[in-house]
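Going line by line, the protein sequences match chains A and B. Number 235 in my numbering belongs to position 235 of the first sequence; there are no gaps in the numbering. Number 384 in my numbering belongs to position 384 of the second sequence; there are no gaps in the numbering.
These are calculated hints, taken from the structure and not from any lab test. Take the hints with a grain of salt, since some may be wrong.
Said to hold, decoys possible - Which stretches of chain B does chain A cover? Using the computed rule of at least three CB atoms under 8 Å from a CB of chain A, they are:
id, region
1, 45–58
2, 229–241
3, 264–275
We put the beta carbon where it would ideally sit given N, CA and C, even for glycine.
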Amino acid sequence: MLGRTANGVFWLFRYLERVENTARLLDAGLRMALTRDIVTAEEEWRSVMETAGQRAGYETKHGTYTGVQAWNYILRDNDNPANVLKMFEGVRTNARLARNAISGELWEAINEGWMQIEELLSRPVGQGEVGEVIATIRRAATLAHGAVDGTLLRNAAYYFGRAGTFLERADSTARILDIKYYLLLPSFSHVGSSLDTGQWEHILRSVSGDRAYRWLNAGNIDARGMVEFLVLDDRFPRSLAFCHSALRDNLAALARVHGREGQCNEIIRQADIELTDLTIDAVLEQGLHQFLQQFTNRNAAISSAIADDYRFLA
Amino acid sequence: MPRGFIIGDNSFFNEMRNADGSVRPAYEDYATWFDEQEDGFLARKGAEAEGAFRKTGITFNVYGEDEAEERLIPFDMVPRVLTASEWRRLTRGIEQRVKALNAFMYDLYHRQEIIRAGRLPQRLFRNNEAWLPNMVGFTPPGGVYTHIVGIDLVRTGPDEFYVLEDNARTPSGVSYMLENRETMMSMFPELFTRVGVRPVSDYPRRLAKSLAACAPDMTTGKPRVAVLTPGIYNSAYYEHAFLADQMGAELVEGSDLRVIDGRVAMRTTHGFQPVDVIYRRVDDDFLDPLTFNPDSALGVPGIMDVYRAGGITIANAPGTGVCDDKAIYSFMPEIVEFYTGEKPLLPNVQTWRCAEPDSLAYVLDNLAELVVKEVHGSGGYGMLIGPAANSDELDAFRRKLRDNPENYIAQPTLALSTCPIFTESGLAPRHVDLRPYVLVSPNGVDITPGGLTRVAMEDGSLVVNSSQGGGTKDTWVLKD
Numbered sequence: 001m002l003g004r005t006a007n008g009v010f011w012l013f014r015y016l017e018r019v020e021n022t023a024r025l026l027d028a029g030l031r032m033a034l035t036r037d038i039v040t041a042e043e044e045w046r047s048v049m050e051t052a053g054q055r056a057g058y059e060t061k062h063g064t065y066t067g068v069q070a071w072n073y074i075l076r077d078n079d080n081p082a083n084v085l086k087m088f089e090g091v092r093t094n095a096r097l098a099r100n101a102i103s104g105e106l107w108e109a110i111n112e113g114w115m116q117i118e119e120l121l122s123r124p125v126g127q128g129e130v131g132e133v134i135a136t137i138r139r140a141a142t143l144a145h146g147a148v149d150g151t152l153l154r155n156a157a158y159y160f161g162r163a164g165t166f167l168e169r170a171d172s173t174a175r176i177l178d179i180k181y182y183l184l185l186p187s188f189s190h191v192g193s194s195l196d197t198g199q200w201e202h203i204l205r206s207v208s209g210d211r212a213y214r215w216l217n218a219g220n221i222d223a224r225g226m227v228e229f230l231v232l233d234d235r236f237p238r239s240l241a242f243c244h245s246a247l248r249d250n251l252a253a254l255a256r257v258h259g260r261e262g263q264c265n266e267i268i269r270q271a272d273i274e275l276t277d278l279t280i281d282a283v284l285e286q287g288l289h290q291f292l293q294q295f296t297n298r299n300a301a302i303s304s305a306i307a308d309d310y311r312f313l314a
Numbered sequence: 001m002p003r004g005f006i007i008g009d010n011s012f013f014n015e016m017r018n019a020d021g022s023v024r025p026a027y028e029d030y031a032t033w034f035d036e037q038e039d040g041f042l043a044r045k046g047a048e049a050e051g052a053f054r055k056t057g058i059t060f061n062v063y064g065e066d067e068a069e070e071r072l073i074p075f076d077m078v079p080r081v082l083t084a085s086e087w088r089r090l091t092r093g094i095e096q097r098v099k100a101l102n103a104f105m106y107d108l109y110h111r112q113e114i115i116r117a118g119r120l121p122q123r124l125f126r127n128n129e130a131w132l133p134n135m136v137g138f139t140p141p142g143g144v145y146t147h148i149v150g151i152d153l154v155r156t157g158p159d160e161f162y163v164l165e166d167n168a169r170t171p172s173g174v175s176y177m178l179e180n181r182e183t184m185m186s187m188f189p190e191l192f193t194r195v196g197v198r199p200v201s202d203y204p205r206r207l208a209k210s211l212a213a214c215a216p217d218m219t220t221g222k223p224r225v226a227v228l229t230p231g232i233y234n235s236a237y238y239e240h241a242f243l244a245d246q247m248g249a250e251l252v253e254g255s256d257l258r259v260i261d262g263r264v265a266m267r268t269t270h271g272f273q274p275v276d277v278i279y280r281r282v283d284d285d286f287l288d289p290l291t292f293n294p295d296s297a298l299g300v301p302g303i304m305d306v307y308r309a310g311g312i313t314i315a316n317a318p319g320t321g322v323c324d325d326k327a328i329y330s331f332m333p334e335i336v337e338f339y340t341g342e343k344p345l346l347p348n349v350q351t352w353r354c355a356e357p358d359s360l361a362y363v364l365d366n367l368a369e370l371v372v373k374e375v376h377g378s379g380g381y382g383m384l385i386g387p388a389a390n391s392d393e394l395d396a397f398r399r400k401l402r403d404n405p406e407n408y409i410a411q412p413t414l415a416l417s418t419c420p421i422f423t424e425s426g427l428a429p430r431h432v433d434l435r436p437y438v439l440v441s442p443n444g445v446d447i448t449p450g451g452l453t454r455v456a457m458e459d460g461s462l463v464v465n466s467s468q469g470g471g472t473k474d475t476w477v478l479k480d
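Please construct the entire structure, taking both the sequences and the accompanying hints into account.
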């Protein structure tokens, strides 16, 4: 396939994942804000904005944190270059670019999702609608993934798309974990407090992992269990270990299709060696923040290696 | 009188019903089916059709408004129907015309016998912006100039078809022909079991085959075909992507291509791989910045050199736009006769060339009854429709004509036939034209049965161009 088309498929799925993760983040923020008093709700929205990487932009525009302001900024504000509407447009534009590398059903799922979201976000989103908006965004992403599963040829385009998905997902989980941990738990002394438990619950909801975690841990929430679950548990589809292994498999498939390995395979192999024997103790000893920084830096290196190896741009 | 049927103006030929309300042969089966449907049936289907078009993203971009806004072309659910014998007549005429066009192109870029014979004035090329000196003495692979042609036809009576325009450069709209049929079949499946309609869905396969048959001699193995698009902001991007997808060809932009070792190669994830045939949807001017417009980023530097050395087929051939020129059009009867030795089977619309003083005088005197077009214009831009113009507009155009008569031709306002469209108050007649799609290769001329019927959505309007608010219909050619 064309390098430019491969780039289109890769970014289609990165943006799709980003949109979906933002919807999860909002959903968690909304739920937390609704169950808290006003002061902590404000804290909560500030933290959502921080995790979304949009705090500076938001505070330039607004002096205060309210739910309506916050979710409108994230969803549709023209002053926010990374609002959900623009990101979904990015999904659709890349799908148009790569139109002849994806199935008709995937294109229609994306196009229909975009039409619905564009309509819903054509005016400010009020308290009564935000739930529906979030649900629509998540459903659109789910439909697209379903179309991929059922209709996309398992050729290079598929592997580029999956690589984009898992790279972005790993990044998102790492970012959520990093910001929450660093912001809210500078030391382990708070572990076990009620505020702490609430924040951890927020994290789990942000990655739609609250149910899974409870099943596995019989309802016990603590920092150590959480980190183990989100970093090392390869049964959970949004954990770093799971995304990492899926990314590795898809990059290996690309190497097979192309008959040669690239720089991206080399980087992920190195990462694999380091991760194989990793334990939760080792992560905490190294410092979770340092570990996550290393992890996201490596993701960035893999992303640019993919672009080089497969001639995305030149 | 049948339910919901508005007869409209009797001075135009109505393709569905005669003035007394009786159904014409082409529409017999359709009319029977239609009369059996419940009230409100089509109205419900209308919303369904629009939804289907939006969902599949069948849109065209409109320039100048909000950064290439995407729009739907209005789709009408009543088919335009031609009988098998009408179609046979049309295809004979089209085939003759397309063969003449190719012979003409070859002649123009070689010995110019037609000019030596005094049948065509030399000045036509001097003033023709589409004329390419680079093509002189060069024969494209397989001798084909116009690989894909759209012949615009209009009808004025049961047996009166005229050619309105030849689109030999880059005829667009074929994706609408295909999607209109898909939409009709999904909305009215039972209708197709009752009316025998010839299929159009194999057009992409025929196109791929026809293009591959024109691959250069240098090709090794199965010819590799690519569609060259200016990109997602081009008004016809949907069509480019659709055709590439349907043909299983790559959809490339100029930046994906590079000249390597005397071949045009595309940048794939495996490295650069040669292309044999390029179905280009960019204009000549933008094809090669080394030869033409140096500012263009849409093309491929050096592609013309590869072309002239026989390393690639460009479809349609550069310089083919000469045939789209309306001054050339006015000579088509002579051109057909000169190269085929036969009388044209499909006549031209009567045309006055304003470059000729007598004609100019006539046009100036009768402007209010005429349609005046720019010689190089397309898409309904820069034209005057006399009967619809006010006196200021007429005066302004008179000045333009006097200042630059060579830039214009004039034609009578034709009594274009009408087909019914579906409106809120029932079926109502609207003017239509027809663009059949023609493929040319060394193996012959291949015409898909049907084409794109364009329809003026407004009562009385003669403007059917999509860029001017016209709509489209599915076009049916009946089986024998």
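Do the hints match the structure? See the list:
no.	hint	result
1	45–58	holds (count 4)
2	229–241	holds (count 3)
3	264–275	holds (count 6)
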